[in-house]
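Colleague: Sequence:
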Amino acid sequence: MAQRAFPNPYADFNKSLAEGYFDAAGRLTPEFSQRLTNKIRELLQQMERGLKSADPRDGTGYTGWAGIAVLYLHLYDVFGDPVYLQLAHGYVKQSLNCLTKRSITFLCGDAGPLAVAAVLYHKMNNEKQAEDCITRLIHLNKIDPHAPNEMLYGRIGYIYALLFVNKNFGVEKIPQSHIQQICETILTSGENLARK
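The numbering used here puts the first residue of the sequence shown at 25, with every later residue one more than the last.
These aren't lab readings, by the way, just hints derived from the structure by calculation.
Take these hints with a grain of salt, some might be off.
Stated by the list, open to error - Computed list of lysine to aspartate or glutamate pairs in EDC-like fashion (alpha-carbon distance at most 16 Å, straight line): (1) Lys117 - Asp156; (2) Lys125 - Asp168; (3) Lys191 - Asp101; (4) Lys125 - Asp82; (5) Lys197 - Glu155; (6) Lys147 - Asp105; (7) Lys117 - Asp82; (8) Lys197 - Asp156; (9) Lys147 - Asp101; (10) Lys197 - Glu151.
To be verified - Computed Cβ-Cβ distance ranges for the label pairs, DEER-style: (11) Met71 - Ala49: 30 to 36 Å; (12) Lys152 - Asp79: 29 to 35 Å; (13) Gln204 - Leu176: 20 to 26 Å; (14) Glu174 - Lys125: 17 to 23 Å.
Backbone N, C-alpha and C define an ideal beta-carbon position, used for all residues, glycine too.
Using the sequences and the hints given, assemble the complete structure.
Modeller: Right under this line is the structure:
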């Protein structure tokens, strides 16, 4: 009988090996935490060098400027360093200049940059710009009535963008009724497709 698994070249877990990484309460040790922080900085520098040759028109959350902004927003949330917020701001502005008005999804469309921008402006206490991005995000639903129902290019990705905003604001900035309407459209589309 043929073997259906790859051999594991790594040793089994040994609790004594983890002692240098975690304290008795299960938290990272200061030494290991510093090593991780140094590695993050090193990798960010490498990424920034690589971005010099990136496609300047790719504003998407998947492979473009909005995705880089999400990374810096996360680093700001973890470390609290306002430098990360400023870096995210630069990438958000770049991504907003690349909106296509063709696709409504988070990863590969306009919803991603708008959702990320709304969250960023909220964190920067610029509520006017945050509200403008939210308004534009809500109106994206009208762009393509025939959008597919998938994550990369369709309505599921749009729902993710709406939920991303609500989660990061901590309040219902996108009305639940709007999200429900998109969900019902997806279900109706699926039912119609199943009948074919």
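Colleague: Each hint: holds or not?
Modeller: Hints versus structure:
1. Lys117 - Asp156: holds (14 Å)
2. Lys125 - Asp168: holds (9 Å)
3. Lys191 - Asp101: holds (13 Å)
4. Lys125 - Asp82: Holds, at roughly 14 Å.
5. Lys197 - Glu155: Holds - the C-alpha atoms of glutamate 155 and lysine 197 are around 9 Å apart, at most 16 Å.
6. Lys147 - Asp105: Holds. Lysine 147 to aspartate 105 sits at ~12 Å (cutoff 16 Å).
7. Lys117 - Asp82: holds (12 Å)
8. Lys197 - Asp156: At roughly 12 Å apart (the allowed maximum being 16 Å), aspartate 156 and lysine 197 satisfy the hint.
9. Lys147 - Asp101: holds (10 Å)
10. Lys197 - Glu151: holds (12 Å)
11. Met71 - Ala49: 30 to 36 Å: Holds, since methionine 71 and alanine 49 (Cβ atoms, about 33 Å apart) stay within the stated range.
12. Lys152 - Asp79: 29 to 35 Å: Check passed, 30 Å falls within 29 to 35 Å.
13. Gln204 - Leu176: 20 to 26 Å: holds (23 Å)
14. Glu174 - Lys125: 17 to 23 Å: 19 Å Cβ-Cβ, so the 17 to 23 Å window holds.
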